[in-house]
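Residue numbers (our numbering), protein chains in the order written: chain A, 1 to 208; chain B, 1001 to 1116.
Because the hints were derived from the structure by calculation, they are not lab data.
Every residue, glycine too, gets a C-beta built ideally from N, C-alpha and C.
Only some residues are given here: those of chain B computed to face chain A with a beta carbon under 10 angstroms:
hint	residue
1	LEU1069
2	ARG1073
3	ALA1099
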Amino acid sequence: MTRRVGPGVAEVWRGLLAGGSRDVPCPYDIAELDPAVIADARRTHPLLLSSGHRLMSPEHTVPSDLLPSRSVPLPAPYGDAMIHTYRTDLSQVRALVLQHAREAGLTESRANDLVLAVSEVAANTLRHTQSSGTLNLWNDQDEVVCEIHDEGTITDPLAGRHRPPPDASGGHGLWLVHQVCDLVELNSDASGTTIRMHMTIHPPQMNG
Amino acid sequence: VDLLTTSVATAESDSEPYTLVVLDGEADVTNCNALRGVLEAEVAKQPRTLIIDLSGLRFMDSSALHVILRVNRTMDRQGGVLALASPRDAVAKMLRLTAADQLLPVYPSVDEATAG
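With the sequences and hints as input, model every part of the structure.
Right, here's the structure in full:
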């Protein structure tokens, strides 16, 4: 199974490892993955391991120099997605997410986490666009997925991946989304932004 | 029905006066300006202690948090103290993840907040 990750992940790892630097390999299936994904990987990782050989990636770029995330379409939702259009009634958005998350089997605490994440993203629709947003909700037995699409544009590929100072007057919204969700996928270009939030239904036991 | 209702009272604890603002419902980007209005009106009266009772708050987003953090800065400047009391689990978690709970005291109950 392959999972899409954004270019921010490499930098997040670098931050985590800043204290006692050890390399962490990120596996990519060159035979199966889209060449664009491999090209992104070569830009976002300094060192390549291939067939046991190590070499510096000639395409490597430090993340802050990366162009805004290219618009690689997200895979289509599976199953029957529920679709809801909202403008200002975020309470209704939250109620729909809570109900769906509970019915899909998320614990109350994780259902509330997902409600917070979706509400923060939907709040950005109100803040940054003049039009309505769309919530898509679906699940299978492994995970619940909520996707928000609106006409806004996020130009920072690392949006939400840096911890804002506690007393910052903004920036906590997307930070919270990344903290509470198991996976966040972002796709943004001039035509709009799609943020897909995944919650695993039976996660491995973790603290908190 | 309003998504968020607020009520304000003044009271005393060990002859120390304090202002209590009780929030009920859901606080988000759609009503954070109203929340700001209510809180700033109380802050303008320069109370020594302002306690926000969160027990009835089912949901709080980062917009509402920013209002509270802004009020906290003003209270700091005035030499007063802002405290939060009895957040539900989800709100408490959000205060922890944003580290807001390190900027202002969060108590399990209003009684404990008044005791400082």
